[in-house]
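Engineer: So the sequence lines, in the order shown, correspond to chains A and B. Residues 221 to 750 in our numbering are what the first sequence lists, from first letter to last. Residues 25 to 232 in our numbering are what the second sequence lists, from first letter to last.
Some clues are possibly wrong.
[Unchecked claim] Each computed DSS-like pair below joins lysine-lysine, with the alpha-carbon atoms no more than 25 Å apart:
1) Lys288(A) with Lys196(B)
2) Lys196(B) with Lys587(A)
3) Lys392(A) with Lys576(A)
4) Lys576(A) with Lys206(B)
5) Lys206(B) with Lys587(A)
6) Lys405(A) with Lys288(A)
7) Lys196(B) with Lys576(A)
8) Lys206(B) with Lys291(A)
9) Lys196(B) with Lys291(A)
10) Lys479(A) with Lys196(B)
11) Lys576(A) with Lys587(A)
If you're looking for bench data, these hints aren't it; they were derived computationally from the structure. In this text the structure is predicted, and so the values were computed from the model without any measurement.
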Amino acid sequence: MALMDRIAQGLAGDWKVTDAATLTENQTLEADVVVVGTGAGGGTTAEILARAGLSVIMVEEGRLYYQKDFKMDELTAYASLYQDGMSRVTRDGAISILQGRCVGGSTTVNWTSSFRTPEPTLNHWADHFGLDDLRPDILKPWFDGREQHHNIAPWAVAPNVNNDVLRQGCEKLGWSWAVIPRNVKGCWNLGYCGVGCPTNAKQGALLTTIPGALDHRAQLIHGLRADRLVMAQGRIDRLLATALSADGVTPRNIQVELKARHFVVAASAIGSPGLLLRSELPDPHNRLGKRTFLHPVNASLAEMPQQVEPYYGAPQSIYSDEFNFRQGVDGPAGFKMEVPPLHPALSAAVMPGHGKQQASNMSKLPKLQSVIALIRDGFHSDSPGGQVSLQDDGSPILDYPISDYLWTGMREAFMKMTELQFAAGARRVQLMHLDSPWFTSWADARQAIAKLPMTPHRVRLFTAHQMGGCGMGSKPEQSVVNSFGEHHQVANLSVHDASIFPTSIGANPQLSVYALSARNSVHLAARLNA
Amino acid sequence: MTQPSPGDHGAPATMDRRSFLRTGLGGAVLLGGISLTAGLMGCATAPARNSDTATADDYAFRFFTRDDIVLFEALLPAIIGPGLPEAPNDRRQQIDRTIARMDAGVVQFGSANQNELRQLFDLLNFGPTRVTLARVWPSWEHVSTTEANAFLNRWRTSRVGLFNKGYMALIKVTNVAFYGYKDNWPLSGYPGPPAWAMDALPQFRTRA
Chain A
221 MALMDRIAQG LAGDWKVTDA ATLTENQTLE ADVVVVGTGA GGGTTAEILA
271 RAGLSVIMVE EGRLYYQKDF KMDELTAYAS LYQDGMSRVT RDGAISILQG
321 RCVGGSTTVN WTSSFRTPEP TLNHWADHFG LDDLRPDILK PWFDGREQHH
371 NIAPWAVAPN VNNDVLRQGC EKLGWSWAVI PRNVKGCWNL GYCGVGCPTN
421 AKQGALLTTI PGALDHRAQL IHGLRADRLV MAQGRIDRLL ATALSADGVT
471 PRNIQVELKA RHFVVAASAI GSPGLLLRSE LPDPHNRLGK RTFLHPVNAS
521 LAEMPQQVEP YYGAPQSIYS DEFNFRQGVD GPAGFKMEVP PLHPALSAAV
571 MPGHGKQQAS NMSKLPKLQS VIALIRDGFH SDSPGGQVSL QDDGSPILDY
621 PISDYLWTGM REAFMKMTEL QFAAGARRVQ LMHLDSPWFT SWADARQAIA
671 KLPMTPHRVR LFTAHQMGGC GMGSKPEQSV VNSFGEHHQV ANLSVHDASI
721 FPTSIGANPQ LSVYALSARN SVHLAARLNA
Chain B
25 MTQPSPGDHG APATMDRRSF LRTGLGGAVL LGGISLTAGL MGCATAPARN
75 SDTATADDYA FRFFTRDDIV LFEALLPAII GPGLPEAPND RRQQIDRTIA
125 RMDAGVVQFG SANQNELRQL FDLLNFGPTR VTLARVWPSW EHVSTTEANA
175 FLNRWRTSRV GLFNKGYMAL IKVTNVAFYG YKDNWPLSGY PGPPAWAMDA
225 LPQFRTRA
């Protein structure tokens with residue numbers, strides 16, 4: 221039982237952790253490396269560099285929350301642990317963006333699914349972006365190493381009913397399915413991964429790489445917003461940052477200046493391009509913030525005859541890649557099928573209704589099952605992705621126009637999800653779409669889906685995976701960083717997060733970020749120690 | 025973005041696209057100016073005081089204005105519908121506490137999203153736009169649940185994406201604050217976190 225809290229112990233010991241809300245005056249700090257962001261990428265980077273003997277300061281905009289704060293309550297968790305209190309959306313409001321904003325980043329709130337980057341994706345990157353040194357056989361040891369570090373293994377316990385419906389549907393229809401590898405140790409199978417693991421079972425950045433870095437004398441400052449990187453003589457000279465209040469959002473009149481030999485930005489596919497844009501760094505080919513990908517998600521809801529209790533049990537344990545790469549890596553939009561957990565607040569946010577209809581849908585929650593399709597975007601010329609730019613207040617915003625190519629893939633995904641749920645015994649199925657009734661047969665659903673308007677807002681869309689915007693590639697004309705995450709134009713700047721992916725990947729991204737960041741950090745440590 | 029979509033809406037796609045652009049653009053321009061105008065025209069622009077709601081206990085509002093509270097006092101019975109208790113005092117208390125939780129949630133939204141929400145609320149609170157865009161004739165304190173429901177359905181079924189977006193913003197922030205709250209879990213049949221786990225975990229232990 222993982223009851224010994226490593227964070228509480230470290231804080232009581234000699235860890236250097238500062239809550240910027242407690243600072244009383246402006247500061248200037250210095251280290252070998254400043255790492256912006258403490259998610260999958262930043263945590264990995266900080267630990268590897270600190271273990272290599274470099275002095276490291278981690279800067280995190282979100283606050284430090286750990287076991288004492290994780291009380292399995294949605295409202296407090298969404299307000300404190302997610303970007304914009306879980307209200308983040310694309311510019312036109314059509315896609316809801318689920319993204320962590322706390323120490324550990326999205327790894328603190330993700331559903332623990334841990335996939336290697338699919339081989340067709342890595343080969344596509346090599347063929348189209350000159351990333352030959354990221355071929356599957358070359359990356360294998362990095363995946364092996366990170367799987368060990370985060371205790372990643374296929375879930376050995378029986379899936380909950382929510383996930384088992386996905387398995388059963390696939391079995392009935394002859395579609396492939398498999399068990400999801402999860403990054404957990406001594407998991408209690410409770411189902412609250414999305415609101416901060418209450419048992420310290422989840423081996424996200426919060427309980428692995430960040431403690432590893434802090435044990436090796438790295439410093440963490442949380443509640444500190446990175447404003448701007450300042451250049452001098454062609455190099456980054458310092459990072460300017462603003463302390464936030466204890467409410468996590470209100471800026472204080474306290475500035476922190478961080479100087480370093482090298483800067484690693486790992487602030488996510490929205491935050492990293494945002495910081496680089498605010499810093500007005502060289503971008504001679506106008507690539508920064510372009511080609512942002514989301515694995516846009518559409519969803520289908522089933523009312524099952526049996527109890528599902530979709531709020532209990534490991535939230536994701538079964539997936540199907542039947543339609544992910546079936547029509548080729550760069551053919552019509554493929555999608556991965558998974559299952560989301562359904563707790564009351566999340567369900568109420570996702571089901572687009574009000575009044576009697578909403579009350580009736582909500583009252584059926586114990587028998588509701590949901591399937592989601594994650595569209596694999598960015599592999600086709602008709603899927604160029606979105607663009608991050610800055611709003612008046614300097615915060616980043618993502619424009620993500622949805623092309624007909626993607627709509628076609630989503631309509632197909634609606635078809636397959638519905639067919640699957642009926643095959644698994646659903647009494648009724650409703651699409652997460654403003655025009656969808658409850659269907660009572662697959663035949664009715666199929667006819668209706670073929671004619672359903674596929675337009676923004678009417679189709680309810682989500683993303684939990686933000687990628688790209690600082691894309692990697694061998695040619696500076698087409699990319700922001702090289703295959704080691706090193707900025708093409710600024711020598712002492714690296715980007716170590718999902719923003720460097722040149723396309724989406726077709727799988728939940730945390731292990732891909734862990735592995736690439738580990739590889740790139742080992743490379744960086746050797747460079748800095750040379 | 026808008027692709028041809030037969031189905032039960034009927035209108036040709038090109039027509040839809042043109043009218044969407046026209047109204048969408050006009051709507052965006054209007055939204056941009058509305059907060060300023062609302063302030064000049066005397067809409068409440070400061071966060072509400074405790075006394076502005078009957079029973080929101082000691083909660084100090086940070087985002088919702090007096091007018092916003094009146095707006096949601098009219099909308100909540102339509103958005104939550106049968107989920108609200110019948111007894112007038114309980115009902116009033118539930119509504120006000122839900123609005124207080126919405127305010128607490130919105131505080132975490134960040135300034136850009138707060139601005140969007142402010143524009144939406146001001147558009148609904150400002151008489152001329154309430155009448156022309158929401159097509160709600162009486163001021164919100166005189167709007168019946170039937171009228172509020174009709175307004176929500178107009179924006180839900182509208183072919184104008186901006187109205188769909190406004191509808192989703194209104195119901196999402198309300199539904200989450202209502203159904204996500206512990207006291208309302210029974211409405212969704214959610215038993216809450218397993219008691220055995222809470223008993224076994226240190227963060228639920230209260231120490232003297």
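Engineer: What's the verdict on lysine 196(B) and lysine 576(A), does the C-alpha distance respect the 25 Å limit or exceed it?
Structural biologist: Status holds; Cα separation ~15 Å.
Engineer: Has the given pair, lysine 206(B) with lysine 291(A), been kept, meaning a C-alpha gap of at most 25 Å?
Structural biologist: Satisfied, since the Cα-Cα distance of roughly 12 Å is no more than 25 Å.
Engineer: Mind checking the alpha carbons of lysine 479(A) and lysine 196(B) for me, to see if they're no more than 25 Å apart?
Structural biologist: violated, 43 Å
Engineer: For the pair supplied as a hint, lysine 206(B) and lysine 587(A), is the alpha-carbon distance within the 25 Å limit?
Structural biologist: Holds, because 20 Å separates the two Cα atoms, which is no more than 25 Å.
Engineer: Does the alpha-carbon distance linking lysine 196(B) and lysine 291(A) stay inside the 25 Å limit?
Structural biologist: Distance of about 23 Å is within 25 Å: holds.
Engineer: Given the hinted pair lysine 576(A) and lysine 587(A), is their Cα-Cα distance within 25 Å?
Structural biologist: Answer holds: lysine 576(A) to lysine 587(A) is near 18 Å, not above 25 Å.
Engineer: For the pair we were handed, lysine 576(A) and lysine 206(B), check the Cα-Cα distance against 25 Å.
Structural biologist: holds, 20 Å
Engineer: Could you grab the alpha-carbon distance between lysine 405(A) and lysine 288(A) and see if it respects the 25 Å cut-off?
Structural biologist: At roughly 18 Å apart (the allowed maximum being 25 Å), lysine 288(A) and lysine 405(A) satisfy the hint.
Engineer: Are the Cα atoms of lysine 196(B) and lysine 587(A) separated by 25 Å or less?
Structural biologist: Distance of about 22 Å is within 25 Å: holds.
Engineer: Holds or violated: are the alpha carbons of lysine 288(A) and lysine 196(B) at most 25 Å from each other?
Structural biologist: Since the Cα atoms of lysine 288(A) and lysine 196(B) sit roughly 29 Å apart, the hinted pair is violated (cutoff 25 Å).
Engineer: CA of lysine 392(A) to CA of lysine 576(A), is that 25 Å or under?
Structural biologist: Outside the cut-off at roughly 34 Å; violated.
Going down the numbered hints, you'll see the structure goes against 1, 3 and 10, while the others check out.
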